[in-house]
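Chemist: Spelled out from the first residue to the last, the chains are:
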Amino acid sequence: MTVPVINWHMLMPELVIVLTFVIVMVFDLFKSIRKSILAWVTIIGSAIALWASVEMLHAGVNGSQFNGMLAVDRFSMFFKIIFLVSTILVSLISINYLDRGDKRQGEYYVLILLATLGMMLMASGNELIVVFLGLELMSLSLYVLAGYFRSVQVSSEAGMKYLLLGAFASGFFLYGIALIYGGAGTTSIPEIASVLEDGEKSPLMLAGMFLLIVGFGFKVALVPFHQWAPDVYEGAPTTIAAFISAGPKAAGFAAFLRIFTSALESLQPEWIVVIVILAALTMTVGNVIATAQSNIKRMLAYSSVAHAGYVLVALAAANKDGISSAMLYLLVYCVMNIGAFAAVILATTEDGENLKISDYAGLGFRKPLLALFLSIMLVSLAGFPPTAGFVGKFYVFRSAVDAGHIWLVVIAAINTAISAFYYLRVVVVMYMQEPDEELEYHAYPGLLVFTLLLATIGVVLIGVLPSYFLGPAQISTQFF
Amino acid sequence: MSLEWYLALSALLFTVGVIGVLIRRNAIIIFMCIELMLNAANLAFVAISRELGDPSGQVFVFFVMTVAAAEVAIGLAIIVSVFKHRETVNVDEVDSLKG
Amino acid sequence: MSINLIVLLLISPLIGFLINGLFGKWLRNAEKLSGGIACFAVLISLICSVIVFTHVKDGVELNQRLYDWIAFESFGFSKAELGSAESPTPIFEWITGNFAFNIGFHVDSLTAVMLLIITGIGFLIHVYSIGYMHGDAGYTRYFAYLNLFVFAMLILVLADNYLMMFVGWEGVGLCSYLLIGFWYEKKSATDAGKKAFIVNRIGDFGFLLGMFTLFAAFGTLDFIPIFEQAEFFERAESTGSNLVFGGNTQFGASTLAVATLLLFVGAVGKSAQIPLYVWLPDAMEGPTPVSALIHAATMVTAGVYMVARSSVLFEIAGTGDVVAWIGVLTAVFAAIMALAANDIKRVLAYSTVSQLGYMFVGVGIGAYASGIFHLMTHAFFKGLMFLTAGSVMHALSNELDMRKMGGLRSKLPITHVTFLVGALAISGFPLLSGFWSKDEILHSAWEKGHPIIYVIGLVTAFLTAFYMFRLIFGTFYGKSRVDANVHPHESPPVMWVPLAILAIPSALIGLALLSWKGHDSAFHHFIGGAFVHHGEKAAHHADNVLLFMAISSIVGIAGIALAWVKYRDWTPLDQPRSAIHKLAAEKFYVDEIYNAVIVQPIKNASQFVLWRGVDVSIIDGIVNGVAFVVRTVGGSLRRFQTGVVQSYIVSMVIGIIIFLAYYLFIR
Amino acid sequence: MNAEPILFIAFGALALIGAVAVIGFKNPVYSAIALIVTFFAQAGLFILLGAHFVAAVQVIVYAGAIMVLFLFVIMLLNLGSVDVDRPKAGIAKGAAVILGIVFALEGVYIAVNASKGTAVARVKRESAVGGGSISAMQLKELNKIQATYQLTRDEIDTEYVPKVAAADKTVEDLTADEARTLIQTLQGEMGKTERIGTVLFSKFLLPFEVTSLILLAALIGVIALVKREEPKEVS
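Protein chains in written order, with my numbering: chain R, 25 to 504; chain Z, 29 to 127; chain C, 1316 to 1982; chain F, 4 to 238.
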């Protein structure tokens, strides 16, 4: 065991992100530089990292770094693409969302970049402790970002709730790692896999495995570990709510997928039971409570809980098809959910954000473009063709049916029907109801429209050309 | 002393931490209890590490301490900013987000 | 012919739609720009269509899959894994179980003709609209919809499978409703849009069921594999063996009959045939260029196109007769109603329904080339007449009632001449386009052994000439009955130039059908390729050509003459004179009958039986009940979200304890 | 006589008592002090386990830095003097304790079964090999240790082999029993700062770097939360 030889090329995306936040920090020192420049530095840096990830995905990298601590493979590259896309989109919508006079924007963007770096480590981590550290890096940044509007009461509250619950959940996660360490004698994912091949099932191992589910379940908001999500989404700045719902969720699933389908593969009969139960619970509870919401951010929060359930359905399939459809679904979900939140930001008026669903009445005629964007995103979230949401669900359900989880798919289909009810309710309100009071809307901020346009193109493109996106995901699962 | 004893002690310490989180309302004390849980995990790491003759467990403890320190710094800052709004750190009074 | 050409052809109107749809707000101040973009987009498509046409003329066809939308084979399971033990080994190469919903293009001569009609007439109507819609508040919205319509229609005709065709089918329907209800502040417009929507749903449902049947039978929705399998079936039928195709259904002629009839239900809805024609006359609430483009030239002919495209299936199933009979009955029925209508756009609408009936006769009896040719000529002259009607409306401040017109000949000379060309063409005046196409259909009907259809068709032709010239005389001749406040004026060049351009093919395009002594006409020669798989068993009927032509000519001219006698100097009556007239004027009370027979009973039944009995207790209990229960459950589950961190921790801990206990003690 | 059981019970009891005291005291300051006691007791347990470096860090970081921060914030918010934390209602408390007991049972069950089919059990089996000369398994283990701590074979031969056998022997000449003692000796030293340092900067270089980022995130996060200038907010 020598000091590792580092192949810097293979760490390109991470290095670019590190460099970017250093530049942001340096720029932040100069008072003369406009704060929006920081956002653009973030976006450009993330775009370069995205380009590097895409190139590496194309080139088919497959190796590891730091004595096998970091897997540099297609699987991680696909997830890095998801994270970077969400980082770029969130930075874009943040420019208009953050007040021009806000002096703390440097910290805001640095924390977003650090969170992104944490996610990348989670996706690449080939060692439980690296996954844990990546998760903590991501979470710590997000706790602060959730409470970023410190002068707003609910924002601080969201930060505190997220922090207390998150720290509590990481306690369990850490204990789970300890138990697995004891059970397998190692924390390296490939080594665990080989140790487990001939090992009997010890209580230590099973308990450790379940505590990992708890830790990931908290991060991706599975019932019953989901209750932080609605409160945090509602209280946090809307941009951050969008961010939390996209990147970190995908990151949680990235590590979840890698550990459970690779390291704990031989324990599959043990974990699949719990995954199926959690998937059914998560979809149902998320969708049912979402129908009763009147605040659009809360509704999207519960819907995001439900969507985690759909991804879990793919995980329950526990085969390559399942993994690749989960990956595609997360990409789709990231784009459409950030789009939905961006539309919510676009509906801001002089009085602040209008978060009640009833505030959206009549928007179809008053702000047709906004209503159109929001409708596309909601229709995609509900999973109608030819949007991305449909193909995402289609492949997920397909893989679960192939794996024999017919009942789970039936529950998922019923849930999709329930979800259509509350997504379309917003559309109906926008196009078919008269507003109670006239709201003074701002002119459209160009960047928000641009972001929404990007998201719409993404949603339609994936919906129409899914194989271009599913293909890489399928190749990425080859190593499992 | 065999590993079982240490693990049992660690489990008990962890449980005390969980109970503390459940019954105390002062956010700062809840936070201390979470630290207690992390420490219990540390104890398990070191005990297992000795049993396996593998130094990784001890290194993990080092990392966990770093994380704990960072978490405490951020956590206390957030609790202070909540306190500024409400003049309280009682978690059952911080409940405006619900439903 | 490269696929890129097709993609460009297809995508160009979409881009136009996106520009106008997304940036309409900024374009609204630059009206010309918005209209120009839309026209330019269609112009590009038109140029591409012409290139495609020349390629097809040289015998190049294209059937290319652009890409698979949802491909099952890429998903890594094969038929062997899926199929159960008893599923027989498939006999066809197509049927490997690896099917895909794909996006692909099928371009042959039929497609090429449709492309030319859509983009050519579409382009002229776009140009015309610049003048017609000038100053309208929804100017950019209008052009966005129009471009979207062209895009959807192109998808419909370019599709190489039924699913993609259905996408286009629904797309044109959507645009149609949007444009019928374009002036949504007018209640009658939104009502008409709703009516079109509901009636078309019935047809679309049939189409969907037809697709399912085809899929069950053949295991694919792609045209070529389906047609080849069907032909294979036909050849093998004589051996009496039970064939099993990709869809693992025991396949028989009845399956195909059911499938084709269901598809035809879709065509009946879209192409406004009996009994689903009721939406089309009301659809005239939309802007007039829309009526010309969608409700005369293109969309309503989609049903005819679909039947022609599926000709192999209809032939094998032997369901063509149904198509022909529905067509001819619609033709005469609609013509009678056109006799009594006073609203010029309504007359044209009924005339469209009637002419669509002719086309169905053509494709029903197996004279595909004639049917499609009539589709083409009709697109030209009916599009022309709608546009001239728009021009009249434009001149008379949106007056549509011809009882308040008359004597407009001198005020609107260009409009008059172009309208006259169109009317002569549709009336079957010798050597004009309608004469050729209609005569060809009637002649084929006689030749193929449908004398009754021939006679009814002839009667319809007479009626057509009559009501058309009633329209001409009532509008342009006689004394002016125009309101004193209205000062008619000729339309601007941007409107009349397209009219003039359209008038030329309307008059002359029939010559393409000119054939002599057993030689195929140019058109037959060209389009025959599309039906070569099966179909048209050499439709050159050398016998008695001149006799049939003479009969047609006489009938048409007789109709014109009768109109001359009756309406040369027309003084409209307030009340219809005869019972039959009244019946026709009231549209045979079909709307009322539908209302009384279908709508009211359903209403009554729902009121008294369903609502009191079933609805409140059962349907409500299911539909609303489920929604109610879900919301109530959701509402009560919300209570667990107390907002207090510790309650969240409690539920987490309970969850952890239960699952841990499962792992530790139960397993 | 082996002092470990006695010390284990002493430190373990102290840690538990301290932990219970944390949740028992009403005054947050007392709770914090009780937590410090627990941390010290744990440091003692770490020493028992041979983790000297970790024990030192435990005292410095936890008892020193982290707890001071806690106390500082308690003082800052002036929570020490007033009893802001009224006890919860009896039922809630009882339910929490019952949940805790069930959870503790599960935890103890896991601990009791710690050697069932786990890596720990395997290590015990392997080290139980006795008699004969050094086994292949032991050689492999020695090689692994050598690599982990970046020792050379010479260093082992000259420094460690004499401690367990005749001075002129090399690793290959050892008997199985001697080899076992050698391995145990080497493993017993893993808590030394030098050994930990070696592992930290070779095998765990990446996580070590990541901890620096975590601390940076904490630093920036705290700055973002407490920075002076009060900006105008959007919502």
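Derived by calculation from the structure, the hints in this document are not laboratory data.
Think of the CB as a built atom: it goes at the ideal place given N, C-alpha and C, for glycine as much as any other residue.
Mixed in with the good hints there might be a few duds.
Partial chain Z-side listing against chain C, Cβ under 7 Å, derived [as the list claims (entries may be wrong)]:
id, residue
1, 123
2, 125
3, 126
Pair ranges (Cβ atoms, derived) [to be verified]:
id, chain 1, residue 1, chain 2, residue 2, range
4, R, 83, F, 119, 41 to 49 Å
5, F, 19, R, 47, 13 to 21 Å
6, C, 1549, R, 431, 54 to 62 Å
7, F, 119, R, 218, 14 to 22 Å
8, F, 230, C, 1941, 50 to 58 Å
9, R, 462, C, 1795, 57 to 65 Å
10, R, 467, C, 1947, 21 to 29 Å
Chemist: For every hint, state whether the structure bears it out.
Modeler: Hint by hint, here is what the structure shows:
no., hint, result
1, 123, "holds (3 Å)"
2, 125, "holds (6 Å)"
3, 126, "holds (3 Å)"
4, R:83 with F:119: 41 to 49 Å, "holds (45 Å)"
5, F:19 with R:47: 13 to 21 Å, "violated (50 Å)"
6, C:1549 with R:431: 54 to 62 Å, "violated (43 Å)"
7, F:119 with R:218: 14 to 22 Å, "holds (20 Å)"
8, F:230 with C:1941: 50 to 58 Å, "holds (52 Å)"
9, R:462 with C:1795: 57 to 65 Å, "violated (49 Å)"
10, R:467 with C:1947: 21 to 29 Å, "violated (42 Å)"
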